[in-house]
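Student: Read off the chains here:
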Amino acid sequence: MDILSILAESTRSALGPIAAIYALAAVGLNFHFGYTGLLNFGQVGFMLVGAYGVGISVAVFDLPLLAGFAVGLLCALVLALLLGVPTLRLRADYLAITTIAAAEVLRLVYRAGFAEPLTGGVYGLQNLSSGFRALNPFDGGTRYGVGALAYNGNHMWVLVVTWGLVLLMVGLTWMLMHSPWGRVIKGVREDEDAVRSLGKNVFGYKMQALVLGGLIGAMAGCMLAVYQASIQPDQFKPQVTFFLWVILLLGGAGRVFGPVLGAMAFWFLMTFTDGLLKGFGSMGWLPFLSGPDYGAIQLAFVGLLLVVLIVFRPQGIIGDRKEMLINVK
Amino acid sequence: MSSDETNVGVDRMADAEPVPGSAKPDPILVADGVRRSFGGLTAVDVGHLEVQRGTITALIGPNGAGKSTLFNLLTGFDRVDGGRWTFQGGAVNGKSGHRVARAGMVRTFQLTKALTRMTVLDNMLLGAPGQFGERMAGAFLRPVWQRQERENTRRAMELLERFKLVDKREDMAGSLSGGQRKLLEMARSLMTDPAMIMLDEPMAGVNPALVQSLLGHITSLRDEGKTVLFVEHDMDVIMGISDWIVVLAQGRVIAEGRPSDIRSNQQVIDAYLGAQEETAEVGGSDDD
Ligand SMILES: Nc1ncnc2c1ncn2[C@@H]1O[C@H](COP(=O)(O)OP(=O)(O)O)[C@@H](O)[C@H]1O
Ligand SMILES: [Mg+2]
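For the protein sequence lines, the chains are B and D, in the order given. Using full-length UniProt numbering, you'd call the opening residue of the first sequence number 1 and step up by one each time. Using full-length UniProt numbering, you'd call the opening residue of the second sequence number 1 and step up by one each time.
Possibly wrong hints are sitting among the right ones.
[Stated by the list, open to error] List of simulated lysine to aspartate or glutamate pairs, EDC-like, C-alpha gap at most 20 angstroms:
#: 1; chain 1: D; residue 1: K168; chain 2: B; residue 2: E190
#: 2; chain 1: D; residue 1: K95; chain 2: B; residue 2: E104
#: 3; chain 1: B; residue 1: K278; chain 2: B; residue 2: E9
#: 4; chain 1: B; residue 1: K237; chain 2: B; residue 2: E104
Quick caveat, the hints were computed from the structure, so don't treat them as lab data.
Okay, chain D solo, but in the shape it has when bound (with noise of 0.2 angstroms):
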């Protein structure tokens, strides 16, 4: 896939500067000295970091690059050692992860993580918010949530519509294949009705034929008006669908910019790009 099939003349991103920590037009998330070490390794350290609304952006890197670490800090998994963040306007540093979910900003994981001894339905319908029935004391009150249930399930099924698992609906989680469980993650997420949408390795262990639908999601998802921030490590499907690329090594954005840009900057050739040719058939696996 080529960069001018899915952004043709459209640069989301025109009002960028293509430097590390630029400011964005309408950020919906905005970092400030987030900083993690593991004992003597510094994981990550982002000086500054602008995520603008509604566009796909590509969070890249080599392995142990800090991606997933980051990702565990912005979404209240991981504790920061310093750092301030705030994501449509509030501040979201030091909220735990589900407050953080709740605020609109919901992640799913580099090992995927479905209930596998759930339903997928279930797994479906406990993405949804503001459930009445999970109070403990509104489970007695039947009549009350099962409306919302009702409501809830038709949402759900409208998703497994469109991720393809309709006809899984009353199978374990776990009988789904890698690919299938990814989709259900990213499915599942999306019952929450989030405004930022935070991918960790999606494509990871997908058949290539899942591929495709799985960026054809994240583009529409995009276009229904939501962010998507996503780690990848195959270099044609970011330069195919990102509206901007942020490049972290060693736990420091060291390049942002669009797919032009990054394709000719030295800096992350040298970082990443070199490195992705010797390491690309290890780049796919799930490894942590």
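Only chain B is shown next, with the shape it has when bound in the complex (with noise of 0.2 angstroms):
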């Protein structure tokens, strides 16, 4: 086994495309949970409805990649209406199950019989990234970076693309978060009752950061698509959420870069945890284990990491502790 290939392999994974689609969703799931204090739990709908927008736009329509874009952008907006409109004026656990539900629906609509003739039912959608790679500035043949860190054109070209939303989008949460907006929005995860009285449309705010967050998510979606070439409706399982959510809070929920943090170490705890398994098992450490084993044992990790994280450190990576213990009534 070697170890310096693993930790390698872990880096390359922290800062390639998946995390950064992770933290793209996440940064959306930030405004959702850690400033509004919605409980979204379905943040992966958000990402389904933005990944099949550019899908059927590009696959079934033959629509440009743009098209396709602003067409997962709408239909999360769309989603995010659907989703707030009855639950938003309730209290906060009804949000909590709508959402974890009509991500689930959505899915297994998307992968039924009937919806194949746009969906591609459980196959899925394939050729998705023509446009993308149309853009292309770098060259597909090529490879860009250093050592374990070298990427090929097409990838290098997602890498920036969507590192760069993940920037745009971290850059729009501070200017949001510093502001006024930002000082009613932390107002309603505190208690919306006191900002009510004081005059403030609780529940328009709260609808504007479920739009926003259900955004966010739709991009990450897009990239998803984009990078992958292909969808499928399984890969929008429950888990992509609860993933999200611990990326969020391994990184801090309420902090700007939190997501972006959480992400990193996230993809790279699951690498090395990967890696690591695999090597003790070709060492034969691991006899009472079989290959397709080590997927739920990394899971189990995933699942220990939070409750050691909530016990040890509840503001995640950069939090603030302070914060973190003040008592809330």
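Given two chains presented individually in distinct reference frames, assemble the corresponding complex, making use of the accompanying hints.
Tutor: Take a look at the structure:
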């Protein structure tokens, strides 16, 4: 087992396109939960409509990529309104239940037989990235970067655009949260009745936050479609949302860079444990396990990580412990 | 404190009859038939109630009389079963809480609602009305809202100075004592520049040293022309600073009048003051 190559591979993964896509989706979730206190347990649903917005536009209707992005974002807007209008006036748990159910229903509908002409059913959609590659300023054949951190031109292009979007959205977060708008949003998280009693339209603010975070989630879905060049409905299982929550709590909810650091740390650790397990396996240290079991162990590890985190560092990597420990009532 | 100290020679309610539902010369709030029941229990059933502009009106009654519920109804924090009410001449029934607040009728809560993980100053700034930067698009136009922010900060600092919280401005509101939170909540609601302020048990859980300064704040608000409606249990406090007292029992207004009228009202003594003696220790606690 070569620990150095495992570390290199983990670093590559922490900086890779998947980490960037999860960071983007987690920036959206940070608006929901970190700042506004909305319990969205269906962020993957926004990713799904974003990804299929690109997929269906490009693969079925032969539209340009930009139109695909627009369709994806529009679907996310509609989804946010459908989720928010009936629930945001009610107690927080109604949104939680509605989002978790809606995301799963969406996945089942998109994979259903009757949807196949549009969504490709269980097989999903393919050939989605020619429009994106046409814009690629890098040369698809050459490798960029050094050593383990070298990527071919196509991946490099995805990386630049996705991390670019992450930075843009982080900047947007900073701008908004350091403004009076952000102050109202944080007030809603603390006590919405108090904010209402000061003449602020709490429902409107919650809706804005839900839409904004949902749009950013859809953007992550769009980039996923572009990066993979194909999408399948079963990529959008509830565990994606679970990973996003781990990422947010790991990095620090309600912190501008929390989701970014969280995503990097999360994918570093995922790849690291994977490499370690395979290494141990190849050295015969894990005789009672076979290859497919590693995935389960890895997931158990994520769960354990979450528990340890909540016990020892509830504020995440860059959270403010003092702020976290203030009694809420 | 005796009533003579604060009300020397001034009877702001000279023209009002001390009977339930009596008409006032210049009412800021007029409510008719406001009802609310929870299951079989009628929590509020107020036939007619007027609150005189520019006075301190106390709302008293035993625990569970419906005082907080009436506050919630009037300010749009709970839905009525029936009834209409106007504020400064305009109908406010059916309006949601934030609209009522914008109309100039702002309330505090029996269980203090400090925004604990925000600084004292941010709590205050949240109260300022008409902020351009509170619109999502406006948030990006820094130079525009920063000017407004400076002006609001100046007002917030003045109020914090007055409420003796200015040294705490950068502290998290969650680190304040219970009494300081009550002060903050009151100062914050004044940031909205209301015409009427409704305080639900502002003295509950506040240490005696702070009570005096709170009372001072309430009277000076009245002297600045604001209308104050407040719920309180401490009879000395109520008799001392109120221009008018409304007595609620089992959701109904059973008596209204000047402190001297209420003190001698047999119905009130039976329904409330007698009971008050027995539960004097419980009266001041934060119960809901
Ligand atoms: N949300 C509610 N659900 C059921 N009963 C309630 C609710 N709010 C208040 N009540 C009941 O209404 C009555 C009036 O309560 P409240 O207005 O809090 O009294 P007060 O503030 O005068 O002490 C009480 O009997 C209380 O139990
Ligand atoms: Mg009460």
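Student: Could you run down the list of hints and mark each one as holding or not?
Tutor: Going down the list of hints, with the structure as the test:
1. K168/D <-> E190/B: Given pair K168/D, E190/B holds - Cα atoms ~19 angstroms apart, limit 20 angstroms.
2. K95/D <-> E104/B: At roughly 37 angstroms apart (the allowed maximum being 20 angstroms), E104/B and K95/D break the hint.
3. K278/B <-> E9/B: holds (13 angstroms)
4. K237/B <-> E104/B: holds (7 angstroms)
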